[in-house]
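Novice: Listed here are the chains, written in short residue letters.
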Amino acid sequence: MSIYLPIAELPVNILLIFGLGIAVGFISGMFGVGGGFLMTPMLILVGIPPSVAVASVPSHMAASSLTGTISYWRKQLVDSGLGLVLLSGGLLGTAAGVWVFSLLRRAGQLDLVINLSYIVLLSIVGTLMITESIRALWRSIQGQQPVLRRPGTHSWFHGLPLKFRFRQSRIYVSAIPVTAIGFGVGFLGALMGIGGGFLLIPALIYLMRVPTAVSVGTSLFLTLFTMLAATILHAVENRSVDVVLAFTLMIGGVIGAQSGARAGQAIRAEQLRFLLGILVFAVAARVGLDLLTKPIELFSVISTEAAR
Amino acid sequence: MTLRRISAAFTVALMLAPLLVPFLAQTAYAERLVTSLSTHRVLISSNFTGTSLVLFASIEDVDTPRDKPKKYDIAITVRGPATTFVTRRKERILGLWVNYESRRYPDTPSYLAVLSNRSPAEFGPLELQTKYRLGLSFAALPPSILADEEFGNALLRVKKAEGLFYEETNAVTFLTPTLFRATVPIPGTAPTGPYEIDVHVFANGVLAAQQTTAIEVVKTGFEAFVAQSAREARLDYGLGVAFLAFVVGTLAGLVFRRN
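Chains L and Z, in that order, are what the protein sequence lines are. Heads up: the first sequence begins at 1 in this note's numbering, then just goes up one per residue. Heads up: the second sequence begins at 1 in this note's numbering, then just goes up one per residue.
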């Protein structure tokens, strides 16, 4: 069953796209991440032009993170104060990311930058998550209590001014590092077509010492707003948001996210982090392998779409 | 006969000349070509996955006796809207395969189909191919770039693999010695815009008739509306998609609440 995508300008198998939406939605519901780091490369693999994929995935992530935000909000696991401070940096970062995206697209090095950012980021985050969760699993096998929060330990950024008390997260930190994290996540999100949940959640857990569940809830809250902003900015700046593609992904995504969330609750937190680490690392390895092995076709042809 | 009269006649002739040119151009050929296309507008709607265009043409030749018709050679070239292609070659830098050298191909058809009854190389001398731009490489690339083998050939190869460049040397079927048919494939990924169809008829290595017609590939209905909104009402379009995401997310949140 094929449907024509009016902006990507090609017919695609609608069931394949819908299935992708469900599969990625399942993973995103299970781990509390947007799933853009999986969705964008998969769409490119299916044949969607990278510029359309990167610009259309954010709206899908906005929809599924809104569903997630609603359910976490009911359980009071969203720190809206922390979320808003993150958002102030996140929106600036998103705008900067969309701008750099169109700059790189003109320079012809967009693919390389996206691929390299994927490899560097995903392999670092993947390795960190795997080693941390193995340590946590090892501790639990030996019967020790998991030690995630160490009250009294202070990092250098605790000395910065503009301190706020974020009640739900039970932290008292300066707004400066929080805004910086938001900026970084927003920037990379817009540039790479990802929500950045897999970056933000570890940052909140390990750097800011926010409880895991609140990290996930707040990350979903932030993802919702940065992705709505990314959708609008991509539409204005790059004109490559495909509404038919986005809508199909959205419907699949919210359905998949529900069963994924249930599956996620059945597994222990360390195991979940271990699995997510493996997944993130696998995507990095896949992209890395592509860059390292000699391609069958050395040449690529693009059309400089002056008038589209 | 004064000099003035001669100059007046000359002026009139000069003024009439532009009117005469098309007439002269038409009569320069020995034969007349009548073509008919299955459609002049390819409409892209939501179920569009590609289509094909059928061209019928008849060669009318009053000079040659009907029982001894000439052997004709046909070359049909279909060109999509012009674009600029950039061909990039990957090279290994610091162990990574990255885009390195590139060549620009301005004014190249975004879609190209060349169909003939036999290889255009067999039509006659090579000048025939270069002059009338017959065959894929002559039709796609300007003569100045043909020497640049590697990048030009890569462009043809990649576009052929994508189905946007198409070459078939036995795609023109003669129903009678003077009536022929050809089918032009329009893939689902075909770019939108005006397409030009050039039909050349050769007899014994000499151009006997030529005709140019055009078709248009356009999005229609919902697809046209979406494409136009994305292009012209960018902010509203972006807000619309964002609102759609908001509605889908909220609805899903409500629907799955009971579970």
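Hints may be right or wrong, so weigh each one.
[To be verified] 20 Å max Cα-Cα, derived DMTMM-like pairs, lysine to aspartate or glutamate: (1) Z:K70 to Z:E60; (2) Z:K90 to L:E237; (3) Z:K90 to L:E270; (4) Z:K90 to Z:E150; (5) Z:K70 to Z:E31; (6) L:K294 to Z:E91; (7) Z:K160 to L:E270; (8) Z:K90 to L:D290; (9) L:K294 to Z:E150; (10) L:K294 to Z:D236; (11) Z:K160 to Z:E127; (12) Z:K70 to Z:E122.
What the hints contain is simulated information worked out from the structure, not anything from laboratory work.
Novice: Please verify whether K70 of chain Z and E60 of chain Z have alpha carbons no more than 20 Å apart.
Specialist: holds, 11 Å
Novice: Verify the proposed pairing of K294 of chain L with E150 of chain Z, using a straight-line Cα cut of 20 Å.
Specialist: holds, 18 Å
Novice: K160 of chain Z and E127 of chain Z were given as a pair; does the straight-line alpha-carbon distance stay at or below 20 Å?
Specialist: Roughly 25 Å separates the two Cα atoms, so the pair is violated.
Novice: Are the Cα atoms of K90 of chain Z and E150 of chain Z separated by 20 Å or less?
Specialist: Distance of about 13 Å is within 20 Å: holds.
Novice: Check whether the Cα positions of K90 of chain Z and E270 of chain L lie no farther apart than 20 Å.
Specialist: Violated, because 41 Å separates the two Cα atoms, which is more than 20 Å.
Novice: Given the hinted pair K294 of chain L and D236 of chain Z, is their Cα-Cα distance within 20 Å?
Specialist: violated, 44 Å
Novice: Hey, K90 of chain Z versus E237 of chain L, does the alpha-carbon distance stay inside 20 Å?
Specialist: Cα-Cα ~29 Å, so violated.
Novice: K90 of chain Z and D290 of chain L: Cα distance at most 20 Å?
Specialist: holds, 12 Å
Novice: Does the alpha-carbon distance linking K70 of chain Z and E31 of chain Z stay inside the 20 Å limit?
Specialist: holds, 11 Å
Novice: Are the Cα positions of K294 of chain L and E91 of chain Z separated by 20 Å at most?
Specialist: Status holds; Cα separation ~9 Å.
Novice: Are the Cα atoms of K70 of chain Z and E122 of chain Z separated by 20 Å or less?
Specialist: holds, 16 Å
Novice: Hint check: K160 of chain Z vs E270 of chain L, CA-CA at most 20 Å. Holds or violated?
Specialist: Violated, at roughly 50 Å.
The earlier numbered hints that this structure contradicts are 2, 3, 7, 10 and 11.
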